[in-house]
Amino acid sequence: MNEILEILAQDARIRPEEIAKLTGQSVASVKKVIEKFEKDGVIVKYKTVINKDLVKEETSFVRALIEVSMTPKKDVGFDYIAERIYSFPEVKSCYLLSGSYDLLLEIEGNSVQMVAGFVASKLSAMPDVRGTVTHFLLKKYKEDGHVLKKRKQKQKLNISY
Amino acid sequence: MDISKKVEQLKPSGIRVFFDLVLNMKDIISLGVGEPDFVTPWRVREKAIFSIEQGYTSYTSNKGMADLRKSIVYFLNKRYGLKYDFEDETLITVGVSEGLDLAVRAILNPGEKVLIPEPCYVSYGAVVELAGGKPIFLKTSVKDGFKLTAKQIEKACTKDTKALLINYPCNPTGASYTKKELQGIARVVKKKNLIVISDEVYDELTYDFQHTPLSSLQGMKNRVIYLNGFSKAYAMTGFRLGWASGPAKIIAAMTKIHQYTILCAPITSQIAGIEALRSGLSDVLEMKKEYMRRRRFVVSRLNEMGLDCHMPQGAFYVFPSIKRFNKSSLDFANDLLKKKSVALVPGVAFGDSAEGHVRISYASSYENLKEAMFRIEQYLRK
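Residue numbers (the working numbering), protein chains in the order written: chain A, 682 to 842; chain B, 2 to 383.
To be clear, the hints were calculated from the coordinates, so they are not data collected in a lab.
Check before you lean on any hint, since a few could be wrong.
List of simulated lysine to aspartate or glutamate pairs, EDC-like, C-alpha gap at most 16 Å [what the hints assert, rightly or not]:
hint : chain 1 : residue 1 : chain 2 : residue 2
1    : B       : 289       : A       : 684
2    : B       : 114       : B       : 130
3    : B       : 371       : A       : 787
4    : B       : 371       : A       : 698
5    : B       : 114       : B       : 161
6    : B       : 290       : A       : 771
7    : A       : 837       : B       : 21
8    : A       : 833       : B       : 38
So that you can see chain A by itself, here it is in the shape it has in the complex (with noise of 0.2 Å):
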């Protein structure tokens, strides 16, 4: 990967002079790049990584991944299908696989109710799906290579030769 991403992958919030600094190359260029980046859509979004089960003022809320069997339609494929089902604000990520299933969705909501609501008369529902599993998810280990339990401090010498 370009070293400007490999970079922004691990820190989104670093700023263009610092890039500079870490790559030998000038902060113009660094902003150049970074610009064309968001420009073509290669840079999509800058986010935060947050381990959803500490905070605190959050009620309740469920994830679950959904396995979808479909039949691909004429012409279009799979996507037309995909696309009308990950325009649903509920799906948060949604992957096109093969194997026994099509597609697999990652759902957010407030209660199993909610999800269960979604699947019956949403999912369920369309024509091209021939059938749904769903797995509510117990616990979140890891993220995009993150590891969400904070680690703790590692013993090592304050100074050696």
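Model the placement of chain B on the given structure of chain A, informed by the hints.
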């Protein structure tokens, strides 16, 4: 009660007190650490744990596990084209430190001299003295990029000069040698019939050019004791695992001492080492990429704030000059620690010629480095 005269005469480290001070302090930012800030790759740790569960808790052969020696020989061949025999040209040691001690004890007769470029790692002079030899320090300076020249070696050689002890990339200066520079050194080494002890433990952390082992140069294999280990490349300092590859006769002599004094390196570490060589290179490359960025960042920040700093070619140290602040390196380090809670290592620890410099380790997180650079800048401005 008397202790050995030789030990009594060993020069104590002048910065022991400073080290103790730093070791006992909390909430400081330390740029004084001589080990990677990464943890040993999980694959390697997992293998070590599993081996203990499986009951691998015994001695191994003196030379080290055959599988590890085979892996090392294979690795050296693939990486550098080196051809060593795993049976009689390779010995597994407890870190490079043991390998170094064995090497000098195996080759030196009383009074024989060993040339050592300075600034250098703290133990070099001491192990030579303990082995009955005489360390001759060859001073290198910032204007030569802290590199030893062939001319210096030639000039320093007398009839009882036995060996050259070289370390590149270098702790503490980060200096390293290109193939061409090494060829120059090799020429005079052959001319003067020296043995070379080459500590290449930072080889994987070479940034601006390919690392060349001295033993890979023509006519050098039969006079180089190549030392390497797992500490820096695989972040395995606590495993204490290294090896020596060299001429069969010398390796046999080293093995003789090793079998009486150490017996063998810990089996858990050896098994971990096999796994590191099998799967570790991708982790190594990730680490290296990260270090390269931090190196650029630190060098550029230090120069910006007026601490003259050359661009080191390897390891994870920078070695800026503090001469224009009219302070000894120890005073500078003490003062910075007291006023800004930033720890670094005074240059004088690495030899008299390193006075006027400090060693900054960038094996620390980017956030730490950023904050430390900010504090050093504030300290210099006051």
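Status of each hint after checking the structure:
1. 289/B - 684/A: 13 Å, holds
2. 114/B - 130/B: Holds - the C-alpha atoms of residue 130/B and residue 114/B are around 10 Å apart, at most 16 Å.
3. 371/B - 787/A: Violated, at about 37 Å.
4. 371/B - 698/A: Answer holds: residue 371/B to residue 698/A is near 12 Å, not above 16 Å.
5. 114/B - 161/B: 6 Å, holds
6. 290/B - 771/A: Given pair residue 290/B, residue 771/A is violated - Cα atoms ~39 Å apart, limit 16 Å.
7. 837/A - 21/B: The hint holds at about 14 Å.
8. 833/A - 38/B: At roughly 14 Å apart (the allowed maximum being 16 Å), residue 38/B and residue 833/A satisfy the hint.
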